[in-house]
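With chain A fixed as given, assemble chain B onto it according to the hints.
Here is what each chain is made of, one letter per residue.
Protein chains: 2
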Amino acid sequence: MLSKNNIKYITALSMKKRRDAERLFVAEGEKLVDELLEHFQCELLVATDDYLSGKTVVRSNTIIKANAEELKKITQLKTPASVIGVFKQPEYTFEPDVLDTNLVIALDDIQDPGNLGTIIRIADWFGINNIICSPHSADVYNSKTIQATMGAIARVRTHYMELTPLLQHCKKKNIPLYGTFLDGKNIYTDTLTPNGLIIMGNEGKGISTELQPLISHRLFIPNFPINAKTSESLNVAVATAITCSEFRRRMF
Amino acid sequence: MLSKNNIKYITALSMKKRRDAERLFVAEGEKLVDELLEHFQCELLVATDDYLSGKTVVRSNTIIKANAEELKKITQLKTPASVIGVFKQPEYTFEPDVLDTNLVIALDDIQDPGNLGTIIRIADWFGINNIICSPHSADVYNSKTIQATMGAIARVRTHYMELTPLLQHCKKKNIPLYGTFLDGKNIYTDTLTPNGLIIMGNEGKGISTELQPLISHRLFIPNFPINAKTSESLNVAVATAITCSEFRRRMF
Chain A
822 MLSKNNIKYI TALSMKKRRD AERLFVAEGE KLVDELLEHF QCELLVATDD
872 YLSGKTVVRS NTIIKANAEE LKKITQLKTP ASVIGVFKQP EYTFEPDVLD
922 TNLVIALDDI QDPGNLGTII RIADWFGINN IICSPHSADV YNSKTIQATM
972 GAIARVRTHY MELTPLLQHC KKKNIPLYGT FLDGKNIYTD TLTPNGLIIM
1022 GNEGKGISTE LQPLISHRLF IPNFPINAKT SESLNVAVAT AITCSEFRRR
1072 MF
Chain B
822 MLSKNNIKYI TALSMKKRRD AERLFVAEGE KLVDELLEHF QCELLVATDD
872 YLSGKTVVRS NTIIKANAEE LKKITQLKTP ASVIGVFKQP EYTFEPDVLD
922 TNLVIALDDI QDPGNLGTII RIADWFGINN IICSPHSADV YNSKTIQATM
972 GAIARVRTHY MELTPLLQHC KKKNIPLYGT FLDGKNIYTD TLTPNGLIIM
1022 GNEGKGISTE LQPLISHRLF IPNFPINAKT SESLNVAVAT AITCSEFRRR
1072 MF
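If you read the protein sequences in the order shown, they are chains A and B.
According to the working numbering, the residues represented by the first sequence are 822 to 1073, in order.
According to the working numbering, the residues represented by the second sequence are 822 to 1073, in order.
Looking at chain A on its own, in the form it has when it is part of the complex (with noise of 0.2 Å):
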């Protein structure tokens, strides 16, 4: 049965404030908990007798049995799933010599968790391992941001800093620093590399005017017919999907 303290851990964990204190985020539905069962520690999961019966082996801490209405109070979804896990943050850290050999995505300032979710899912599939957010960047930990991946949170690694010295660090090496703007170059036909850093802006205002002097390549994904009078722009996820999918469509 879920107490009073249950809930009030649970649902405190809707905070930023909280999450970061505890170092912990929440995950819900089966088929997401299960994945993440098997990458990140489980501190507390909450479930259903029928979600219980269907697991012989079931990793996390404490296991509390609960019923749809108890879930019902713990939930941050519209629909309460059959589980909900309490899961400790990974730490990681990021190398920048990964750069040398492999692409990664820099997130200037992403505000909306769903479009940072949808974007890790992106990352996921088309094997770039790390993301770098922008301090100001929504919350990796957000219910919202967790719920988006469907799981992609177990294999990509999110990483918080400035990223104007890291962009200083990627000139100085030589290590090509791509952006997208509306003057920029038709990214099916200019040149890109298997390796490099990605930099997607923010979803009202773009790549912040201090990093845009450093950007080595500016990108420009074709609206179709070219200069037609259609939408200013695509959603950031979006964008980020094409860049991506551009990238290594060059590589096979």
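Keep in mind that the hints were calculated from the coordinates and are not lab data.
Predicted model only: the values in this text are computed from it and were never measured.
A portion of the hints provided could be inaccurate.
Identical chains blur together in the list; that is why a pair holds if it fits in one copy or across any two.
Within a straight-line C-alpha distance of at most 25 Å, the following computed PhoX-like cross-link-like pairs (lysine-lysine) qualify [unchecked claim]:
no.	residue 1	residue 2
1	Lys1026	Lys899
2	Lys886	Lys993
3	Lys825	Lys994
4	Lys1050	Lys852
5	Lys1050	Lys893
6	Lys993	Lys829
7	Lys909	Lys1050
8	Lys837	Lys899
9	Lys893	Lys909
10	Lys1050	Lys876
11	Lys876	Lys1026
12	Lys1026	Lys965
13	Lys893	Lys993
14	Lys838	Lys899
15	Lys899	Lys965
Coordinates of chain B only, in the frame set by chain A:
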């Protein structure tokens, strides 16, 4: 001033039933409303003094001035915008002949209004002017859809109809029918035509078993490296974006 009746009238439009009966929809925010005012008949505009004082002409049947407090009562957004417009739903007819020379997107039970809106924005970017939605797809006039289109709704026509007869019609006329599948052919190297129907499936279930046998071109967006243990799938809007981008890349 905003009357109780006004509030009731606008908030009732958050229900599909009511939108359908009145043939109306609601949009919020200066940029979006400004764009829609150029394309759709506006029945009612509720706006702050600030918004109105910046305009020389506002083409709306009725205009009501309101302050931030009043706008809070009718907004569907977390932070109310300076303007909310009630617009007449446009009436479109779909001419299947368009498929002889153009690309059209068909959505097979897309459930999430945000995904639908994002797909409309993608279609607009890539010059795809028609989207067919199966009858059980999300409602294009849901406020989440409208907001996610960022104005693309003004240029892309959505039509609700049964997909099976349409696909059968295409098959008879040898119009290519594209769909993405995990066992499809590499989209980067397979032949793509400048016309045809691109079918995108439901978020959880993909393309329905009834439609699958009708698809003439089974495509796959390769993950990287190929056969890596990555996410099982991409978000449907993301998959639509990559697919449309790849079709258009071939036409440059």
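#### Entry: Numbered hints the structure breaks, given as an ascending list
Numbers 2, 3, 5, 6, 13 - these are the hints that the structure violates, sorted from lowest upward.
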